[in-house]
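Generate the whole structure from the sequences, applying the supplied hints.
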Amino acid sequence: MLHLNKLTKQYATGDKALTSVELEIPKGQVVALIGPSGAGKSTLIRCINRLVEPTSGTVTLNGKELTKLGSGALRQARRRMGMIFQEYALVERLTVMENVLSGRLGYVGFWRSFLRKYPQSDVDEAFRLLERVGLDHMADKRADELSGGQRQRVGIARALIQDPELLLVDEPTASLDPKTSRQIMRLICELCAERDLAAIINIHDVALAQMFVQRVIGLRFGEVVYDGPPDQLTPETLTEIYGEEDWEATIDKIDEEEDEAEQGAVA
Amino acid sequence: MAVSTNLEGQKVWMVRDRDAQLKRWLIYFVSVAVVVYCWMIISDATTWFFVFDAPRIAADIGGRAMPPKWSYINELWEPLWDTINIATIGTVLSLIIAVPVAFMAARNTTPHQVFCRGPALLLIVSSRSINSLIWALLLVAIIGPGIFAGTIAIALRSIGFCAKLLYEAIEEIDEKQVEAITATGASRWQVMAYAIVPQIMPSFAGITVFRWDINIRESTVLGLVGAGGLGLQMSSSLNVLAWPQVSLIIFVIFIAVIISEMVSAKVRSAII
Chain A
7 MLHLNKLTKQ
17 YATGDKALTS
27 VELEIPKGQV
37 VALIGPSGAG
47 KSTLIRCINR
57 LVEPTSGTVT
67 LNGKELTKLG
77 SGALRQARRR
87 MGMIFQEYAL
97 VERLTVMENV
107 LSGRLGYVGF
117 WRSFLRKYPQ
127 SDVDEAFRLL
137 ERVGLDHMAD
147 KRADELSGGQ
157 RQRVGIARAL
167 IQDPELLLVD
177 EPTASLDPKT
187 SRQIMRLICE
197 LCAERDLAAI
207 INIHDVALAQ
217 MFVQRVIGLR
227 FGEVVYDGPP
237 DQLTPETLTE
247 IYGEEDWEAT
257 IDKIDEEEDE
267 AEQGAVA
Chain B
7 MAVSTNLEGQ
17 KVWMVRDRDA
27 QLKRWLIYFV
37 SVAVVVYCWM
47 IISDATTWFF
57 VFDAPRIAAD
67 IGGRAMPPKW
77 SYINELWEPL
87 WDTINIATIG
97 TVLSLIIAVP
107 VAFMAARNTT
117 PHQVFCRGPA
127 LLLIVSSRSI
137 NSLIWALLLV
147 AIIGPGIFAG
157 TIAIALRSIG
167 FCAKLLYEAI
177 EEIDEKQVEA
187 ITATGASRWQ
197 VMAYAIVPQI
207 MPSFAGITVF
217 RWDINIREST
227 VLGLVGAGGL
237 GLQMSSSLNV
247 LAWPQVSLII
257 FVIFIAVIIS
267 EMVSAKVRSA
277 II
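Protein chains in written order, with the numbering used here: chain A, 7 to 273; chain B, 7 to 278.
Take these hints with a grain of salt, some might be off.
Residues from chain B that face chain A, not an exhaustive set, calculated with beta carbons under 10 Å [as the list claims (entries may be wrong)]:
id, residue
1, Q183
2, T190
3, S193
4, W195
5, P204
Pairs of lysine-lysine, DSSO-like flavour, derived with a Cα cap of 30 Å [stated by the list, open to error]:
id, chain 1, residue 1, chain 2, residue 2
6, B, K182, A, K33
7, A, K185, B, K182
8, A, K70, A, K12
9, B, K182, A, K74
10, A, K123, B, K182
11, A, K22, A, K70
12, A, K12, A, K33
13, A, K33, A, K185
14, A, K22, B, K182
15, B, K182, A, K70
16, A, K147, B, K272
17, A, K147, B, K182
18, A, K22, A, K74
19, A, K12, A, K22
20, A, K74, A, K33
21, B, K182, A, K12
These are calculated hints, taken from the structure and not from any lab test. Where is the CB? At the ideal position from N, CA and C, for every residue including glycine.
The structure is reproduced here in structure tokens:
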């Protein structure tokens, strides 16, 4: 469904963020993108919806070459790609409802959106999504009144109301506590399964990625160095992605944390 | 740089090393010397007799100005109303131009870095570099004396002020919110309405009432050059040395400024 061909990005400063990245993601697959800071993870997902213009190479979504589109066609294509951000990137001074409905901006005209006269079907969908992410009682709150986890749920609802085929998720849990992180990751993955959505999730927490996704891609210095199932990540592959470190603890940690969580629930 | 080793081999840390410290002292010394020298020149050029005489003259004028001529207030209501109108309408007119200019001047929203940003910045600088009183002088000559000239003078001076502060606010917005709205497939205008406008709303409100507040004070002066408002009464009273009237006008201006200050504080806290 999504195909990246020789995708390369070189910034004006001369830094090469991506070098000839080849990637094929089928419909409905959730992929975790791991790698050290500066490996090009954020650049990669921003090159897909062209928030960052790739230097060369192509991105193809359902046979349509995104890298060739003019600005009007690009806006239409962006509607089918929902994006979720690290620090939520909600419009702080707007209400939760306005933030969710802003996901429909690509579908409604300027004056309708400016006067907040969205079609009733959009409003219905917004309420449905808010209920799904557990925030239906918060619709009228301003976004800056919410906690981190709640904000990220609003961010998820905003991405889903776009009716996307693909989710681009940039460090969804980086500013959340461990428990909320898991809940958010679980929610994203459940929603992808419900709607048969493909997703690319940038994530720092390797253990968390292994818990939820079907496929892991390791990026180092802008190149794919690992592409495979999460359970085949070995200390050797992690060393290749991140550099030398004692990885045993990271990999074992998953089971221990599971146990602790269960004990915590019992207690 | 500031880390060195002393004779016992101990590591010593100081904020600045010796050369930097000496350089600082030299700069301080030169600054003080310049101030003293300038003071000498000013002192030579001053007729000290008039300065020593000043308290007596001030007391004399103050004595004649007291008590204010309260009955004169009936002739002040209309110019006071004019003054408030000049300030308010002038502020509104200036905003109509300042808002688009600010969007053209801000690095992150300008349609073109050279052809839009350049002229916008030039407009801001030229509006700001000329004081309202000078604008009023020019406009009284061009469109004749009266309230209209005062209103336009206030508006012209305020464009630069409002546009400058507003474009700085636009440049300081959180770009992530813009990115997020862009990623939904929103158009350029929708991004502006959803991601930029909500973020600059508090600054916009603050700038507006702050400028209105300043304009109330400035418009009380404009009458001195014939551009309407309280200043006109002020200059005619000064010309006939009617000190009790002058003191009443100053008192009225004082009250008007306090009220405008209170209003702007209320508005600011209500919107933020």
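Verification of the hints:
1. Look at Q183(B): its Cβ gets to within about 5 Å of chain A, closer than 10 Å, so that hint holds up.
2. Restraint check, T190(B) versus chain A: the minimum CB separation of about 5 Å is within 10 Å; hint holds.
3. With a cut of 10 Å, the hint placing S193(B) at the interface with chain A holds, because the nearest CB-to-CB distance is about 6 Å.
4. For W195(B), the interface hint holds, since its Cβ comes within 10 Å of a Cβ in chain A; the closest pair sits about 5 Å apart.
5. Taking 10 Å as the C-beta cut-off, the interface hint given for P204(B) holds, the closest approach to chain A being about 4 Å.
6. This hinted pair checks out: K182(B) and K33(A) have alpha carbons roughly 28 Å apart, not beyond 30 Å.
7. Using a Cα cut-off of 30 Å, the hinted pair K185(A) and K182(B) holds, with the two alpha carbons roughly 25 Å apart.
8. Taking the CA atoms of K70(A) and K12(A), the gap is near 16 Å; set against the 30 Å cutoff, the hint holds.
9. At roughly 25 Å between alpha-carbon atoms, K182(B) and K74(A) fall within 30 Å of each other, so this suggested pair holds.
10. Proposed proximity of K123(A) and K182(B) is supported: the alpha carbons are some 25 Å apart, at most 30 Å.
11. Restraint check: the Cα-Cα separation between K22(A) and K70(A) comes to about 26 Å, which is no more than 30 Å; the hinted pair holds.
12. The hinted pair formed by K12(A) and K33(A) meets the criterion: a straight-line CA distance of about 21 Å does not exceed 30 Å.
13. Straight-line distance between C-alpha atoms of K33(A) and K185(A) comes to about 29 Å, which keeps the hinted pair within the 30 Å bound.
14. Simply put, K22(A) and K182(B) have alpha-carbon atoms about 22 Å apart, close enough for the 30 Å limit, and the pair holds.
15. Restraint check: the Cα-Cα separation between K182(B) and K70(A) comes to about 27 Å, which is no more than 30 Å; the hinted pair holds.
16. For the hint pairing K147(A) with K272(B), the CA-to-CA distance comes to about 23 Å; that is within 30 Å, so the pair holds.
17. The hinted pair formed by K147(A) and K182(B) meets the criterion: a straight-line CA distance of about 21 Å does not exceed 30 Å.
18. At most 30 Å may separate the alpha-carbon atoms for a hinted pair to count; K22(A) and K74(A) meet this at roughly 21 Å.
19. Under the criterion of a C-alpha separation no larger than 30 Å, the hint pairing K12(A) with K22(A) is consistent with the structure, at around 13 Å.
20. Distance check on the hinted pair: K74(A) and K33(A) sit about 22 Å apart at the alpha-carbon level, within 30 Å; holds.
21. Straight-line distance between C-alpha atoms of K182(B) and K12(A) comes to about 27 Å, which keeps the hinted pair within the 30 Å bound.
Of the numbered hints given earlier, the model fails none.
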